[in-house]
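S.K.: Here's the letter readout for the chains.
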Amino acid sequence: MVESAKPVPPIWCPGCGDFGVLAALKKAALEQKVAPYDLVLVGGIGCSGSIHNFLEVNGIHALHGRLLAQAVGVKLANPGLTVVAAGGDGDGYAIGMGHFIHAFKKNASIVYVAMNNETYGLTKGQPSPTSQIGFEGNIERPFDAILTALSIPAPNLIARTFSGDPKTMIAVLGEAIKFTREGRGFAFIEDLSPCVTYNDTYKLWREKVLDVSKVPGYDPTDRQAMFKICLDTMDQGRIPIGVMHRPKETAPEGLEAKLLGTALGPARSDISIEPNLASYQKLLAALS
Amino acid sequence: MPPLADVSVMIGGQGGDGTLTVSDLLGRYFRKRGLYVYTSRNVLSRIRGGHADASVRASRDPIAAQKSTVDVLVAFDQEAITIGASELAPHGYILYDSTAFKSDLPNATGFPFATLVGGALGQPIFKNTAAYGALSVVFGFDPAETRAVIEERFKRRGGEALEKNLKALEIGRKAALEAAGLADRYSVADGDAHDLVMTTGNQAVALGFVVGGGRFFAGYPITPATEIMEYLQRYLPPLGGVVRQAEDELAAVNMIIGASYTGARVMTSTSGPGLSLMTEGIGHAGTAELPIVVADCARVGPSTGQPTRHEQSDLSHLANLGHGEFPRFIVAPGTPVDCFEMTVDALNLAERWRVPVLLLLDQALCQNTTTSPRFDVQRVHVDRGERLTGDAVAQLTQYKAYQFTESGRSAYAPPGTPGVWAEITGNEHDEWGHVSVNPTNRVRMMRKRMEKMVKARDELPAARLFGPADAKVGIIGFGSTFGPIREAQTVLEARGKPTRFLQARTLFPVPVHEIEPFLKSVDVAYVVEHNYTGQFARLLRETMPAQHAKLRSVLKYDGSNFRAPEIIAAIPEVA
Numbered sequence: 001m002v003e004s005a006k007p008v009p010p011i012w013c014p015g016c017g018d019f020g021v022l023a024a025l026k027k028a029a030l031e032q033k034v035a036p037y038d039l040v041l042v043g044g045i046g047c048s049g050s051i052h053n054f055l056e057v058n059g060i061h062a063l064h065g066r067l068l069a070q071a072v073g074v075k076l077a078n079p080g081l082t083v084v085a086a087g088g089d090g091d092g093y094a095i096g097m098g099h100f101i102h103a104f105k106k107n108a109s110i111v112y113v114a115m116n117n118e119t120y121g122l123t124k125g126q127p128s129p130t131s132q133i134g135f136e137g138n139i140e141r142p143f144d145a146i147l148t149a150l151s152i153p154a155p156n157l158i159a160r161t162f163s164g165d166p167k168t169m170i171a172v173l174g175e176a177i178k179f180t181r182e183g184r185g186f187a188f189i190e191d192l193s194p195c196v197t198y199n200d201t202y203k204l205w206r207e208k209v210l211d212v213s214k215v216p217g218y219d220p221t222d223r224q225a226m227f228k229i230c231l232d233t234m235d236q237g238r239i240p241i242g243v244m245h246r247p248k249e250t251a252p253e254g255l256e257a258k259l260l261g262t263a264l265g266p267a268r269s270d271i272s273i274e275p276n277l278a279s280y281q282k283l284l285a286a287l288s
Numbered sequence: 001m002p003p004l005a006d007v008s009v010m011i012g013g014q015g016g017d018g019t020l021t022v023s024d025l026l027g028r029y030f031r032k033r034g035l036y037v038y039t040s041r042n043v044l045s046r047i048r049g050g051h052a053d054a055s056v057r058a059s060r061d062p063i064a065a066q067k068s069t070v071d072v073l074v075a076f077d078q079e080a081i082t083i084g085a086s087e088l089a090p091h092g093y094i095l096y097d098s099t100a101f102k103s104d105l106p107n108a109t110g111f112p113f114a115t116l117v118g119g120a121l122g123q124p125i126f127k128n129t130a131a132y133g134a135l136s137v138v139f140g141f142d143p144a145e146t147r148a149v150i151e152e153r154f155k156r157r158g159g160e161a162l163e164k165n166l167k168a169l170e171i172g173r174k175a176a177l178e179a180a181g182l183a184d185r186y187s188v189a190d191g192d193a194h195d196l197v198m199t200t201g202n203q204a205v206a207l208g209f210v211v212g213g214g215r216f217f218a219g220y221p222i223t224p225a226t227e228i229m230e231y232l233q234r235y236l237p238p239l240g241g242v243v244r245q246a247e248d249e250l251a252a253v254n255m256i257i258g259a260s261y262t263g264a265r266v267m268t269s270t271s272g273p274g275l276s277l278m279t280e281g282i283g284h285a286g287t288a289e290l291p292i293v294v295a296d297c298a299r300v301g302p303s304t305g306q307p308t309r310h311e312q313s314d315l316s317h318l319a320n321l322g323h324g325e326f327p328r329f330i331v332a333p334g335t336p337v338d339c340f341e342m343t344v345d346a347l348n349l350a351e352r353w354r355v356p357v358l359l360l361l362d363q364a365l366c367q368n369t370t371t372s373p374r375f376d377v378q379r380v381h382v383d384r385g386e387r388l389t390g391d392a393v394a395q396l397t398q399y400k401a402y403q404f405t406e407s408g409r410s411a412y413a414p415p416g417t418p419g420v421w422a423e424i425t426g427n428e429h430d431e432w433g434h435v436s437v438n439p440t441n442r443v444r445m446m447r448k449r450m451e452k453m454v455k456a457r458d459e460l461p462a463a464r465l466f467g468p469a470d471a472k473v474g475i476i477g478f479g480s481t482f483g484p485i486r487e488a489q490t491v492l493e494a495r496g497k498p499t500r501f502l503q504a505r506t507l508f509p510v511p512v513h514e515i516e517p518f519l520k521s522v523d524v525a526y527v528v529e530h531n532y533t534g535q536f537a538r539l540l541r542e543t544m545p546a547q548h549a550k551l552r553s554v555l556k557y558d559g560s561n562f563r564a565p566e567i568i569a570a571i572p573e574v575a
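Each protein sequence line maps, in turn, to chains A and B.
Heads up: the first sequence at position 48 corresponds to 48 in this note's numbering, and the numbers run straight through without jumps.
Heads up: the second sequence at position 275 corresponds to 275 in this note's numbering, and the numbers run straight through without jumps.
To be clear, the hints were calculated from the coordinates, so they are not data collected in a lab.
Possibly wrong hints are sitting among the right ones.
[Said to hold, decoys possible] List time: in silico DSSO-like cross-link candidates among lysine-lysine, alpha-carbon distance up to 30 Å:
(1) A:K6 - A:K105
(2) A:K6 - A:K178
(3) A:K27 - B:K174
(4) A:K282 - A:K105
(5) A:K282 - B:K32
(6) A:K178 - A:K282
(7) A:K6 - B:K550
(8) B:K400 - B:K472
(9) A:K6 - A:K26
(10) A:K248 - A:K33
(11) A:K203 - A:K258
(12) B:K520 - B:K472
(13) B:K102 - A:K282
(14) A:K6 - B:K448
(15) B:K174 - B:K155
(16) A:K248 - A:K282
(17) B:K400 - A:K26
(18) B:K32 - B:K164
(19) A:K203 - A:K105
(20) A:K33 - B:K32
(21) A:K124 - A:K178
[Said to hold, decoys possible] Covered stretches of chain B, as calculated for chain A (at least 3 residues, CB under 8 Å):
(22) 11–25
(23) 34–45
(24) 113–121
(25) 181–194
(26) 272–284
(27) 302–314
(28) 412–423
Keep in mind the model is a prediction, meaning the values are calculated, not measured.
Note that beta-carbon positions come from the ideal geometry of N, C-alpha and C, so glycine has one too.
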């Protein structure tokens, strides 16, 4: 067997919520039988974005905020790959916000796990887009990724998980990987992943999370109902978790499927001249 | 008056008057007569309205620039006369639409094109075709061929469009034939240029990308680069390729980086403002060693500058772009054939050396149309460097994506290759791609990357030399200045004043091995470029300080491209 890059020990603080995502990802990928060489993990910038170093997979470390653009590029160029992008709330919701919103509308079949700890941990605890009012002098209202995700009418899988609840996380990640491998589109998971050093919210979040599947009227195919459930839950001072949107569509709605159908895609095309010669000559002959 | 061997017609009016159609029709006619043709446009950055003009030049000799004077001006409004009359040759003439105004210039004849056409066809918009009809009389065009041009141009739309354009043509012809002293006022000598195609640099780049194996393109609309994306939207999908219009240039460059990571050949195209945004991505690709090609269709900068106008002021930025240090190659085509072939070179270089290759173009090269020899697919060679397939990987004991090698190139196995994987990162890394702050590794990795600019030297597009080897006046240029410089050389040669021209096709790393011997062979060298600070000349002085005294700059930065006489006038030794 050829020796490839080996995982290195995580850089995270003991107890970091990101360990939960790492463990869940390992388990979900195994359960979904994804070969390590077919799995691409796209990391953002920040503590969470280093996750690709800690698994035996293809890892690409993107620029700050750009992981979704790179992940979409990977998937469209080789739809045979299973693509998981993983980063933090600063990466995804601040510097990467433009790409975040567009990822829903593009609907390429990739999984995106945003590890939300409501702070910039790696740069030592500044407020992030999701920070509560009062955190480190923050006076801006926190951004809510789930409400935003629900507001974009696209057949995406949308969920929120909590690192303190690994069982649900494994199930949701497994569903997301399966969803994208079936070419059904974009799967977004916000994982509540506490920063034990700069914003240790384990205890608080354990008390506040509410599994929306237990709320009367729960129907993840009904965007309007889910929007109301989330708002009501938040009004009660709780944090809604669970699958928030699961599209009715089961056909391959993914962008790569719409563009390429069953074709192999750019990365696996034979680009030598010979097999393409007739097409090339036709193109060039059209000049007049 | 003897037949013109080199003729120029300018058509001016408001955006939406159809000036481009008239230049297109004239271009088609002149090509039927075996002439070389060059058309350009002067439009504002708005959809309709505002002054717009189009020029067409035809010549028995190869041309790739506008003529400095206009033989016939067609004006659809007073402003077009005001703007165009200053360029009119002493023997020149003006045909104008007198529907809305009268000109008292002695060398002008007015026809109420809009009224005549509007009355007969119900739609004054066909006034441009009527003007083409009048022009055909002024130049003594063959009536059947004049008509054939209309039929070719509108055959695809057919039906009413074709019929009305043919009627408008006859209205214009009749009016001009009835006016005193206009028929056959000029004649244009036939040429023997045949089997040429009419194209633009942007189209040539798009075709080069396809034939060079490019299969993934992401971009964001920006003048004057957008046509590259539009052509590829037509060309690539049937070949299994993907073209995406991204949400911004940040996304565009990162999408191609992601696609490059999978082993696809990729490109984006942009202009100054987009290039600024792509800078972080280009640096990332440089240090992560992911091959990308970025075509920069330069326009007037900085900031939004003049979106539709011509400049070559991005070179310094390209040579220095990004924080930190990483290798990059800047290649600059000068003709459509160059655009086609050097886009292939750029793809090969990027993949072989795993570097960003910056394809530097300029507005005139990108958007002006010119007659060009056909592009030859037989000259295209696809070189994928040390790309590892599954079979090759199976023979390895280890796979390291950033392996140190004698050649400076590491073999690459894209994700999905059975049995292997790697870490790819813009952080400093070791051979496996693991993040590293080890000082010894840092030095080795820096050298591995930076020395590509030395080791690849002989593979970079070579400069071309024109003119006698013993000429003592040198000219150096790149991009679209190729056309006017060659034309200036021809004029000067005929005057017994030979010059030697070096067309630089690789600009960075500066090809000292090509340019230094050239500078030594001449007494003085004029670096012709479109910017204020003499950016290429500055790079040459920096890299060849001993030749400093021989370098002079010929600069133009008014938004228009050089005409040959301007270059001649700027060189005192031959002017």
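S.K.: Does each hint fit the structure? Answer for all of them.
M.R.: Here's how the hints hold up against the structure:
1. A:K6 - A:K105: violated (36 Å)
2. A:K6 - A:K178: holds (26 Å)
3. A:K27 - B:K174: violated (83 Å)
4. A:K282 - A:K105: At roughly 35 Å apart (the allowed maximum being 30 Å), A:K105 and A:K282 break the hint.
5. A:K282 - B:K32: Holds, at roughly 23 Å.
6. A:K178 - A:K282: Between A:K178 and A:K282 the Cα gap is close to 41 Å, so the pair fails against 30 Å, i.e. violated.
7. A:K6 - B:K550: violated (56 Å)
8. B:K400 - B:K472: violated (52 Å)
9. A:K6 - A:K26: With Cα atoms ~15 Å apart, A:K6 and A:K26 stay inside 30 Å; holds.
10. A:K248 - A:K33: Holds, because 25 Å separates the two Cα atoms, which is no more than 30 Å.
11. A:K203 - A:K258: The given pair, whose Cα atoms are some 44 Å apart, is violated under the 30 Å limit.
12. B:K520 - B:K472: Holds: B:K520 and B:K472 sit about 10 Å apart, inside 30 Å.
13. B:K102 - A:K282: Violated. B:K102 to A:K282 sits at ~50 Å, over the 30 Å cutoff.
14. A:K6 - B:K448: Holds - the C-alpha atoms of B:K448 and A:K6 are around 22 Å apart, at most 30 Å.
15. B:K174 - B:K155: OK: B:K174 and B:K155 at ~23 Å, within 30 Å.
16. A:K248 - A:K282: Violated, at about 43 Å.
17. B:K400 - A:K26: Distance of about 23 Å is within 30 Å: holds.
18. B:K32 - B:K164: Judged against 30 Å, a Cα distance of about 23 Å means the pair holds.
19. A:K203 - A:K105: Answer violated: A:K203 to A:K105 is near 35 Å, above 30 Å.
20. A:K33 - B:K32: violated (64 Å)
21. A:K124 - A:K178: violated (36 Å)
22. 11–25: It is violated, with 0 qualifying residues against the three required.
23. 34–45: violated (count 0)
24. 113–121: With 0 residues in contact (Cβ-Cβ under 8 Å with chain A), the coverage given for the stretch 113–121 of chain B is violated.
25. 181–194: violated (count 0)
26. 272–284: holds (count 3)
27. 302–314: violated (count 0)
28. 412–423: With 10 residues close enough to chain A, the hint holds.
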